[in-house]
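There are 2 protein chains.
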Amino acid sequence: ASYTTSSSSPKLLFRQLFEKESSTYTYLLADQSHPEKPALLVDPVDKTVDRDLSFVKDLGLKLIYAINTHVHADHVTGTGLIKTKVSGVRSIISKASNAKADLFVEPGDKICFGDLFLEVRATPGHTLGCVTYVTGDGPDQPQPRMAFTGDALLIRGCGRTDFQCKIWVEVQNCCINQCIHRQEHEIIFTLPKDTLIYPAHDYKGFTVSTIQEEMLYNPRLTKDEVLKSGCGRRNGGGDAVAVAGCKGRSVTVAEKFKSIMENLNLAYPKMIDVAVPANMVCGLQDLAFKSA
Amino acid sequence: ASYTTSSSSPKLLFRQLFEKESSTYTYLLADQSHPEKPALLVDPVDKTVDRDLSFVKDLGLKLIYAINTHVHADHVTGTGLIKTKVSGVRSIISKASNAKADLFVEPGDKICFGDLFLEVRATPGHTLGCVTYVTGDGPDQPQPRMAFTGDALLIRGCGRTDFQCKIWVEVQNCCINQCIHRQEHEIIFTLPKDTLIYPAHDYKGFTVSTIQEEMLYNPRLTKDEVLKSGCGRRNGGGDAVAVAGCKGRSVTVAEKFKSIMENLNLAYPKMIDVAVPANMVCGLQDLAFKSA
Ligand SMILES: [Fe+2]
Ligand SMILES: [Fe+2]
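Sequence order for the protein chains is A and B. With full-length UniProt numbering as the guide, the letters of the first sequence map in order to residues 45 to 336. With full-length UniProt numbering as the guide, the letters of the second sequence map in order to residues 45 to 336.
There are no misleading hints in this set.
Any copy will do: because identical chains look the same in the list, a pair fits if it lies in one copy or spans two.
Only pairs whose alpha carbons sit at most 27 Å apart, straight line, appear in this in silico DSSO-like list of lysine-lysine:
no., residue 1, residue 2
1, Lys144, Lys314
2, Lys101, Lys248
3, Lys64, Lys314
4, Lys314, Lys248
5, Lys106, Lys248
To be clear, the hints were calculated from the coordinates, so they are not data collected in a lab. A quick note: this is a predicted structure, and the numbers were derived from the prediction, not measured.
Chain A with its partners taken away, still in its complex shape (with noise of 0.2 Å):
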């Protein structure tokens, strides 16, 4: 078992940082190796945009990209203070989100910054449009991968499923099940074992983790015995694979992660009717928003 929690690539300027009162982490990255220093910053919260941007700017890096995982609910995204302090940098939300952004992603859509590159990935549940990004695979790129999940995917846990799942659910004849396949197929079970998992909060001061450490202790995806002993495609596999292999399991563990969501009991998000209407124009020079 290996749960080494550092990354690295000579290029690769990487930096995590915590926004106290939403619990968030908004990450830096950067290849300080291209003459521009072009940099991107994932989940910028509104609150440390200051801060952010003149760490960048002693950093000597060029931001380029405020990127989101998903429309959050519980803080005011950065995206949109950042467009009006710095120009040319464009926002990135995914296109499943429905939200505003200079520029959608879909899986499979890579993000690049001089010569290192962010992969898209759907990892929907806690939210239709919630994307994984994750760094990529290559001679220049860092070694292990990293995947921010946003909050597809915590530190021993994943983020409520009661906010658009449940709508998805009767409307479009889908189910958690599905979102939770999802989740496990483009996260836990193509990529690396050893890939860093850098969530969008934490809550009890864990900062990193990796898949298999998630896969061994995150209760949410360890209620069903078969998902520890393995069920053939845990190195990968394409999703015909993955699906006539384990859709017995999957079931399984669906059901009980979906009875552990629902009896969680959450009560309603302090900042989810001012957070969801900003956020969902993130990308917004004019900061609608302000005005909500």
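Given the structure of chain A, go ahead and fit chain B with the ligands onto it with the hints provided.
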């Protein structure tokens, strides 16, 4: 300029953990290549002991040391509590701290865990007994090196120096100049520039820095331009050289530093009357501080 902020060694398991109330970072280090996976905690907090210990258990580690960088004034150390919960753990603090513990370390000592070790460096100023623990130099040791600076060097700051150094000035005919000179010598000038700085606290959400970065941007180290342009001992050198080559400069920097620190007008710390007496007996198994 290199700002890479990850250190790698196939042997090292490393985790940064955060305690929100006092904004304290606790660090877990282990040699995961060793059959016993010996581990140590740097600056554990009493309130997060259960989290830390269940984490240690999850990862299959054997906790052997619970270490403090200094006698903390803002939180109660977790070392005493840890010793009541896990047998065989030994607490460590510097001899100069005058606090109680199972083992006392002095500058130059090594704390070994498996094939890895930490070096002890004296960095007085915030308190008389403040030390910095630095990962070893050698083939198996993590690269770049990692310095656990406690409150001696914080990211873009340093711990207040009005606790003990003021007394020290009068009683021991020492001066803050020597403190900061000592700190600079032990951390800034004799370690590689890419050494990672892991402080005991951060109040703005930063998680890590590098020596290079602090040399450039730490306001308490950069008040004299000489510091930026260098003075002939950037890459180390003996104490004699350091003092001979930089005496004039050091005095200037230290005077400016002293004036910054004196003008901070810091409030009396909330926790100090509880925390300091408790932390002076951090290694005691009878938890004498419980009755304090
Ligand atoms: Fe969320
Ligand atoms: Fe302190």
